[in-house]
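Residue numbers (this note's numbering), protein chains in the order written: chain A, 1 to 137; chain B, 1 to 274.
Take these hints with a grain of salt, some might be off.
The following residues of chain A were derived to be distant from chain B, with all beta-carbon distances above 10 Å [to be verified]:
#	residue
1	His30
2	Val34
3	Asp36
4	Asn54
5	Asp66
6	Arg85
7	Gly87
8	Thr89
9	Gln94
10	Lys98
11	Ile99
12	Thr100
13	Leu106
14	Lys119
15	Asn122
16	Gly123
With the C-beta cut set under 7 Å, the calculated list includes, among others, these residues of chain A facing chain B [unchecked claim]:
#	residue
17	His29
18	Gly31
19	Ala33
20	Thr37
21	Gln51
22	Pro55
23	Trp60
24	Pro64
25	Asn81
26	Gly109
27	Ser110
28	Asn137
Read the hints as simulated data drawn from the structure, not as lab findings.
Ideal Cβ placement from N, Cα and C applies to all residues, glycine included.
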Amino acid sequence: MNQTPKNAFLRTAMLAALCLAEAGLSPAHHGFAVFDTSAQKIITGTVKEFQWTNPHTWVWLDVPNDKGGVDAWGFEGMSPNFLGRRGWTRKSLQPGDKITVTYFGLKDGSKGGAFLSFKRPNGEELSMWKGSPTEDN
Amino acid sequence: MHRNILRATLIVPLASIALVTGATAQSFKRPAPTPADWAAIAKLPDFTGVWEVQMGGGAPAARSIINPAVGVPSMRPTALSLTAEYDKKRQELMAHAEQDNQSANCLPPGMPGIMAQPYPMEFLFTPGQVTIVIEAYSMVRHIYADGRPLPSDPDPTFFGTSVGHWEGDTLVVKSVGFSTQTEIEPHVPHSDKMEILEKFRLLDPNTMSIETAVTDPEALKEPYVTSRILRRHRSWTIAEYVCEQNNRNYVDRNGKAGINLTPPAAAETLAPKQ
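Next comes chain A alone, as it looks inside the complex:
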């Protein structure tokens, strides 16, 4: 199997889902019915807004289209509660940031999906699934 970063991201997401199931955990808020989890996709654009909200964070991305304009894409992420304990803050993404997003697309082909991770042009990466939070007891 080709060890590309794409595959690594996919494995991470699948592993996280598996861990949830193994621990008898319910999906936090909803199932994955609307998403196509058979393959991850990649898209590059400019952050328009990062919504640090419950029950999900949302990354709104302006993506250049073939008409010379941009399309608005929306990506649903884990909640601020979950991410805030795993290295994310509400400032992890700022308007104007150019990022490449790895995601599960929507089955109906709409412009959006489930956010898995992003990468900046300088190589910096941040994943939604960073495993267990730090021990602090």
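Since chain A is already given, all that's left is putting chain B on it; use the hints.
Just chain B now, with coordinates in the frame of chain A:
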């Protein structure tokens, strides 16, 4: 005239309230706590703080439940064993294009699912009561440990009515009176006769075990026993979780899942019109 109207509007609601409270079975009156009651809490196992259910993996906490030196499970986990009637109900639920459940519309899961969320919970001890503050959906469970009996004819609710007592270092909680809007597991229905037994105990100073046995004479052939491990996080606090803040997921009345991709106002006004 004005005074009569005022009196009438006051009397009618007050009379209604008296009738309602008289008709419900909330007759148990907890005595005011004494200094000895507060001191007794200090002798209980320390459940204070914020705990998170472990998401599997090879952490020491996950192994400790099978380590006899730390503690063995008092109830062995079992497979879900539905009666023929409820297995058929489940099949029907799955067959009706059910793609997601009502939590996508921000309806909280209720018991037992609310105890299996990937969000932490906080335990509070006060005389005669254990309170569990659940971050997911900003929920609260009240466990009455003051000797009151379980209600004989409870109103069905998402969390039921819970009473608890201590058996050694284990908090044993029994709950009854569940709304059939809740599920044993996603898409697994239960009857209004479902009862839940939970055993909470510390396996080591920062590891909690919660064993849960669901019984239901109509839906289950045998108790459905599950076990979870939680780790304590002393630096954490419970955050708010207002599900309606920005919920873009939904299921329609047929159970079909969808997602709302309308950009937020700010992004919409900034995005060039096509």
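Here is what the structure says about each hint:
| no. | hint | verdict |
| --- | --- | --- |
| 1 | His30 | 4 Å, violated |
| 2 | Val34 | 5 Å, violated |
| 3 | Asp36 | 12 Å, holds |
| 4 | Asn54 | 5 Å, violated |
| 5 | Asp66 | 12 Å, holds |
| 6 | Arg85 | 7 Å, violated |
| 7 | Gly87 | 14 Å, holds |
| 8 | Thr89 | 13 Å, holds |
| 9 | Gln94 | 13 Å, holds |
| 10 | Lys98 | 16 Å, holds |
| 11 | Ile99 | 15 Å, holds |
| 12 | Thr100 | 19 Å, holds |
| 13 | Leu106 | 7 Å, violated |
| 14 | Lys119 | 21 Å, holds |
| 15 | Asn122 | 25 Å, holds |
| 16 | Gly123 | 27 Å, holds |
| 17 | His29 | 6 Å, holds |
| 18 | Gly31 | 5 Å, holds |
| 19 | Ala33 | 4 Å, holds |
| 20 | Thr37 | 13 Å, violated |
| 21 | Gln51 | 6 Å, holds |
| 22 | Pro55 | 5 Å, holds |
| 23 | Trp60 | 4 Å, holds |
| 24 | Pro64 | 11 Å, violated |
| 25 | Asn81 | 5 Å, holds |
| 26 | Gly109 | 11 Å, violated |
| 27 | Ser110 | 6 Å, holds |
| 28 | Asn137 | 4 Å, holds |
Hints 1, 2, 4, 6, 13, 20, 24, 26 from the earlier list are contradicted by this structure; the remaining hints agree with it.
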